[in-house]
Amino acid sequence: MTVSPTLIAHLGLILVVFVALQISAAVLVYMERKVAALIQQRYGPYLVGPRGLLQPLADIIKLIFKEELRPRSADTLLFYAAPVLAATAAFAAFAVVPFGAETTLFGLLDEPIALAVADVNVGLLVIFAITSMGVYGIVLAGWASNSKYSLLGGLRSSAQMISYELSYGLSFAAVIMMAGSLSLREIVDGQEGYWFGVIPRWYLFLQPVGFLVYLIAGVAETNRAPFDFPEAEQELVAGYHTEYSSMSFALFFLAEYINMVTVSAVAVDLFLGGWHGPFPLPAGFEWIWFLAKVFVLLFFYIWMRWTLPRYRYDQLMAFGWKVLLPVAVLNLLVTAYLVLLGGW
Amino acid sequence: MESVFFWVFATVAVAASLLVIGQRNPMHSVMLLIVSFCALSGLYVLLEAPFIAVIQIIIYAGAIMVLFLFVVMLLNVPTEEAPTGYHARLLGGAGPRRFGAVLSVVLVLELAWALSTMRGTPLPGDAVAPTVREIGIRLFREHGFAFEATSVLILVAMVGAIILARREK
Amino acid sequence: MEPTLNSYLVLSAVLFSIGTAGVFLRRNLITILLSVEIMLNAVNLTFVAADRYLQSADGQIIAFFVITVAAAEAAVGLAIVIALFRHKETLSPDAFTSLKW
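Protein chains in written order, with our numbering: chain A, 1 to 344; chain B, 1 to 169; chain C, 1 to 101.
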């Protein structure tokens, strides 16, 4: 394998995505606390650094210096493997999400490369596959801690995730039918342009129900409010990550935030037009639109958490199976009908 | 390059499968089987079958193994004690165990003999991976009946599983 | 050495034998079911390897059906294991020797 500029560009992309995900997790930590504070009419972090901007750094330093505890009767291998599995699945899912148009990196490369770590043509299925692997981190954490709060939290959390995975997949399926391809890049390319010069050709307008189903299922998949009963502080101590401290806990937190970023990024690619924006940016910078849209969705996530009350576990499961799944199936049927007969 | 990947995935798959049947903690067995499935999925990608590779992860490693994991956790399956003494040797133990061990060895030898009569046929070099679209078209046109029958089968399995696992009132 | 069709078939044979050995040698119902899954996977590998050699998509379709049927069989098998465990509190197949309880 010769070392070509393209190879270096690919390796650089991997590094960039990895670092960007971690930075976005840190930004999310700050954003969550600041937005929560503003919603609750208080100041939030303001001591560390100007306007509290260095708060994530302080959090990380604190977590690094904490003592790493492990219950004596915990299964050692699985206890330490669980957070690693959760974080790995979170990072790996982002590997097939494209975040920018094809670019030659300002003429440095001979041929344009796609701005994604890997541009596979079954991209959506890969994301679905890796999301289903993320369940293992949680269920193993619950089991390996050998404590009743953790076990209950882990079982409930994983049952919730696998229930909402169905609606999650069905909401993709409708978009796949309309776009005719499983590759995220082609789906974004199909959303270029405008109708009547004004309304962008986003799948959001063609699939409003699908978008809603996707968002709800996505929030439930990432175990965030209002579906965060399994890790709610008031109910279960802390659910599956009760017995974890220091860096293992940090890995779970990281995994949760990066899952949020991945769900938002896939939503932007599928429904909100990816990197196409109202006015075209200079070539090589389209990812700025992508980033802006992802942050809007992340703000929406945080807003939901601090505004809505939490669902009780049986209400959550009943909603997932009895309401969301039939709606997703109906959406798919109607889309199939329209694509087949209406020729959309 | 391809041979490196093949050997890595093949070794991981075989080692993980051996550990699944060899070691005694059932929770570890389930996790090792998941590792084996992921290695097999890598082999499917090498064989230009990305659709089956992803389907294997979604269904086998992502759903079936979660089912096994839940059952292991809910039944609190105990770790098997190590067999001691006479029963510890592979060819010792009760009649069936001896017979089973001999049968497995015979199976391996037979399969190895059958495969050795085949010369090493290289895989066609310029294979074009069937796209998901082609697979879908063939699945729904030629094998449509089998597809519908499979969905009825899954429904029957769901109903059966719920009834079998229900507590007697 | 490029992997030939033979190498995939040998690998599949080895995995199938490991699965068979597991079914014979393990005294735990769940591990027996896991060994059956190993066997089914080995068969899938054979189908996909032959599919690549013959350049058709049929092998992948058969593998898809095998995976689906394996899912149904695992669900029912585990339900049976749960029912058996509830009766006798043990998972050793040697305990279930009577046809009726």
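Hints listed in this document are in silico derivations from the structure and should not be mistaken for laboratory results.
Each residue gets a CB set at the ideal place from its N, CA and C atoms; glycine is no exception.
Where hints are given, some of them may not hold.
Per label pair, the in silico range of CB-to-CB distance [unchecked claim]:
hint : chain 1 : residue 1 : chain 2 : residue 2 : range
1    : B       : 144       : A       : 66        : 37 to 45 Å
2    : B       : 148       : A       : 166       : 18 to 26 Å
3    : A       : 39        : B       : 168       : 31 to 39 Å
4    : A       : 23        : B       : 168       : 51 to 59 Å
- [ ] Check each numbered hint against the structure and report the violated ones by number, ascending.
- [x] 1, 3
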